[in-house]
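Using the sequences and the hints given, assemble the complete structure.
Residue numbers (the working numbering), protein chains in the order written: chain A, 25 to 1063; chain R, 118 to 324.
Calculated from the structure, these hints are not laboratory results.
Treat the hints with care, as some may be off.
Claimed, not checked - If we take Cβ atoms under 10 Å as the criterion, some of the chain A residues that face chain R in the derived model are:
1) Ala332
2) Asp333
3) Lys480
4) Asn489
5) Leu497
6) Ser499
7) Asp502
8) Asn504
9) Asp530
10) Glu531
11) Cys534
12) Lys540
13) Asn572
All residues carry an ideal CB built from backbone N, CA and C; glycine is no exception.
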Amino acid sequence: MGASLARAAQWTSASDSGKGKLELSPMNEKLLNDIIQFVEGFSSKYPEEGRFVFKDPLIWETSIIPSSFSTGYNASDSAVTSNDKDASGNPLLELSGGVLRVKSFAQLTNILRMAKEKRLNEARMCLEANRDPLVKILGPGFATVDSEDSTLIRMVEKSKSDDSAEGAVRLRLLLIVNEFDMKLLNSCFREISKKVRLSPDAVNAEVELLQSFAGEAPNTLLKDIHFTTQLVFSNKCRALPWRQVHGDICYVVIKPHDGDSFCVTASTSGCYVNGGFEEETQTVNFEKKGEVYKDLVSLLSDKSRQFADNIAKKEFSMQEDNLKETEKETAVINDLSSEQEKEDIQTEKQQKALKDAGKKGKAGKDQKKSMQPSLKWRNLEDSRKTEKAQKETKKKVQVTSVPAYRRPSYFGKKTPADDDDDMSESSDESDEEEEIQDRRQDAGSDLPSEYWQIQKLVKYLKGGNQTATIIALCSMRDFNLTQETCQLAIRDVGGLEVLINLLDTDENKCKIGSLKILKEISRNVQIRRAIADLGGLQTMVRILQSPNKDLKCLAAETIANVAKFRRARRTVRQHGGIRKLVALLDVPVNSADIGKDIEVARSGALALWSCSKSTKNKHSIKKAGAIPMLAKLLKSSHEEVQMLIPVVGTLQECASEKSYRLAIRTEGMIENLVANLRSDDSELQMHCAAAIFKCAEDSVTRDLVRQYEGLDPLVALLPQSDNKELLAAATGAIWKCAISSENVARFQELKCIEQLVALLNDQPEEVLVNVVGALGECAQEPANRIVIRKSGGIPSLVHLLTGTNQALLVNVTKAVGACATEPENMSIIDKLDGVRLLWSLLKNQNPEVQASAAWAVCPCIENARDAGEMVRSFVGGLELIVSLLKSSDLEVLASVCAAIANIAKDEENLAVITDHGVVPMLAKLASTTNDKLRRHLAEAIARCCTWGNNRVSFGREGAVAPLVGYLKSEDKQVHRSTAQALYQLSRDPDNCITMHENGVVKMLLNMVGSSDSALQEAAAGCIGNIRRLALANEKAKYA
Amino acid sequence: MHDLGNMNKKNHKIAEELFKTSSQKHFNKNEVEALIHTYFSLFEGVKMDRNQFRDILHGTFNMTEDLLMDRVFRAFDKDSDSYICLSEWVEGLSIFIRGTLDERIEYAFTVYDLNGDGYISREEMFQMLKNSLVKQPTEEDPDEGIKDLVELTLKKMDIDHDSRLSKADFETAVKTEPLLLEVFGPCLPDEKCATLFEEQVFHSKKF
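Spelled out as structure tokens, the structure:
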């Protein structure tokens, strides 16, 4: 019983008291029932053993009340003792205070009989309290030991020496219990094996296997089988997360030879046919349409006759070439080791595959392969391809991601490379290379010779003294370390570990040699990760403090390479690397070896540049006092481009933080950034422009750029149309600088606008966003709008409205909106149907685009001829814009209000939007505190009042009282539009009363004295209306 | 005290003379005097012999290999009289501790050229590298690794492909890869030992 209790029973994790609880699982219930049955029949089956007195009593807290004991017991209110006594006169059963002590099987049988329906509970309590009952029954010598159970042997030996009758009984008892234990274990095992659940690995393996047997030929198993999607979640499931909750793993579209294709849901509980897969919309009908099968093969055998027949024939052809097949076998072996039941089927398959392969004379090789799954590299003589079979488990090769046996044609993909992209897309995209999959070696390269040579060198590294190590290190550098095969070979033969270990030695020469290699190979993404995994960063951070400058340089440069992914950057920070790197930036004033010191500073900046891609690191870098040092380097007289690039690179990376932008300005770095725009090195130019791009968010900086004559070199960079990065940075800087009107004036002089317009065609989106942004800013000047038109920019801009890039759309709508303020421009836009395009952008998901489009619509309506007619011609357009009033984005609301104010100028349109319920929706917004929204909302309300009884409706919807509150706002423009709205609303007497109640008169009186004539007029008009109402009232009273 | 003073005076005189005649250019007069002082304080007797010198190499500069220590001794002992005299001591150390790359290349080549024929042959390399790998009993040919190392070195350094290293080969190879300076075993002090030695000799004792 011990073994089954210890192994089969499902214990909950041990509670505080150390006593585990038996879980309430069906398995446990079955176990308990078996035990109860066994105990209940015990005394009748084995009367002698039943009377055997336990060594120690089984003690547990019972729920049986003393009164249920009857004959043969001595029962009082709270305690019970049995009449049966053991040899020393103690009762065999004792119950006191709810605690039961039992010393024989006969008594146990009695108790279970008495407990009746509670016996399951009793048995549970007993077993929970006595996890190894045999110890209590026979003594501690019989404890169940996990590793081996030799109690029987010991017992037999013991009983040999002790010939008494008791010994014989004890042995028999032990045998009985052991036999029962075996029975229990067996039944548990059967139970467990019944409910093997499917796992993503198993499904993937099965689908892959079937894929290899799928094809048009009649002797294949299926016509086609593929997943509905290429996207794989990190848990290897392909189903959407909300379906994973239901246990779904993935969906497989299967086309058998006989019959139509159907879609199968593979879930943890099995496979079943679902409602089907819609190719066009990529949606699966999840509804269960058929029975649940334990796996795909059994489902298919049932669904497709030909499948079953072909499987029975055992002679189906494989569609992929043999190599892939063997590769797959290894994969299958890897994946299925846990799934016993599965494996049976698979091995059957494999045997068939082997048989097939055997016909082609390759059986021997295949067998060899499956016998040596751990062989890392294999050289298949005739297959001109080398493949890596298996890597250490920690490297987690995703067997399923091997492009070789994907069938890309089904997904419209052409190359395996596409497939790989797809894989990385399904992972976390927020970091550039955080989750890049470990790719298998591309087959077809001549890597073995290098591989073996590198392996030999690593052997010398491991087993050699310093001298041998240095020879090996120098020889290793003779390999082309920029080649991926060599990089991965070093990793795969365990070279990385040795190289990193060398960094921990005292030998500077070994460290230098090792770092020189690490620096090269860490350009590889996988090597970077491996170095970080092996703790290389920590060691390198320590080396940064070494007095040896060569070492410092190399360590910093290697860190710069490794810290290209988030985790590595974090490691550097957490081990104090940032501070040490910043310390490298310090070039002593009177350095003996200035060249070397600049080299050190350069490598330090390089590493900081990599590290600065994390926000937290940016703060640490600043805290470590890097900004003045970077400034010093930037201003230093040693104008080495190689040193300046990482310095400016770090600055521009960090300039995404406001504090850096401020520091860059106050440290006077703008001047140097501008100066370096004229450098000969395009990379340096690019980083300087990018830094200005980010810093020019600030108006003082924009002025500084102009004062240092930075605008001219920026514009001079525009013809560099083949260097897209540089172009993007330069146009970005121009964009941000153009926010200041003085800068725009200079740009005008430099004929910048014409050049920008020329860039509107055939540029990548990064450039376009900036170009259009710059045009949008420039077009705030009326003269420039004409320039844009004259240089033919408007058609290009309108054309860009059809794009999808959100950032671009925001800028394009703004630029088009700015251009539309010019009537002549407007007529072009109108001709090109630009307003319709703008209008359709209101449907965009992104609120920024919505708002920007709505703002752009305003000048269009203002300046278009026949605007009312045009707006009406957009089917559903008015309904759409009114519905945007439900948005939660303030900017969208403000822009839509502005647009509605313009739309409402046309009476017919006003009638339509009134029908669409614009009044209550505007009224609902009245409680806002945002001044921009207030201004445009009041404007919209003022305009909407002119239709029907909208005035009354606004009053009824409670818009009037909040509007009065707007007059307390600081914003003059809010006052004007509010006064106009109030003036309109005051034509309804009820509204006048509400206004008066809210103390409007006094505030309006102040505004009558305003210098703004529109405000003056509206305020006066409103007061007039209120006054007239009062007069009429009085008249009525006294009349 | 008197004796010591006398000694110091004597040392000073020798130092001045040595400084004039010696070809070394890395030590100043005071440092030469300190070195002379160290020379006399390190052993009993008039001239430093092979064993005394090896003790210094071992104790102060952490050298362990007999063969190379012997070769270093020979490199110091320019007149090959099996003793290191004062001028040899000063001149030797000047390269040993402060030598330029060229001087050190010259010196290292002398050390490694066991038979002094101007070439480092395969056999000489083998001789110097034979202890550099941990012997693995499982291997068939225990020397195979060493032979391989020799081949690797030749491949890397034998620029004129005559299967031996001339001084020109050695110089070119070291200049492209400075790590190869001590390619056949340590024959120069590492930075730490050198600084420590300098500190002990030049700074701790005031004259």
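Status of each hint after checking the structure:
At about 54 Å, the closest approach between the beta carbon of A:Ala332 and any beta carbon in chain R exceeds 10 Å, and the interface hint on this residue is violated. Because the beta carbon of A:Asp333 sits about 56 Å from the nearest beta carbon in chain R, more than 10 Å, this interface hint is broken. With 10 Å as the threshold, the beta carbon of A:Lys480 comes within range of chain R, its nearest partner Cβ sitting at about 7 Å, so the hint holds. The criterion of a C-beta within 10 Å of any C-beta in chain R is met by A:Asn489, whose closest approach is roughly 5 Å, and the hint holds.
Hint status for A:Leu497: holds, given a least beta-carbon distance of 7 Å to chain R, under 10 Å. Restraint check, A:Ser499 versus chain R: the minimum CB separation of about 5 Å is within 10 Å; hint holds. Below 10 Å, beta-carbon pairs count as interface contacts, and A:Asp502 has one with chain R at about 7 Å; its hint therefore holds. Taking 10 Å as the C-beta cut-off, the interface hint given for A:Asn504 is violated, the closest approach to chain R being about 15 Å.
A distance limit of 10 Å between C-beta atoms decides the matter here; for A:Asp530 the minimum to chain R is near 8 Å, and the interface restraint holds. Given hint, A:Glu531 at the interface with chain R, holds; its Cβ is 8 Å from that chain's nearest Cβ, closer than 10 Å. Among the interface hints, the one on A:Cys534 holds; its C-beta lies about 9 Å from the nearest C-beta in chain R, closer than the 10 Å criterion. Taken as an interface hint, A:Lys540 checks out: its beta carbon lies about 8 Å from the nearest beta carbon of chain R, inside 10 Å.
With a cut of 10 Å, the hint placing A:Asn572 at the interface with chain R holds, because the nearest CB-to-CB distance is about 7 Å.
Violated hints for the displayed structure, listed by number in ascending order: 1, 2, 8.
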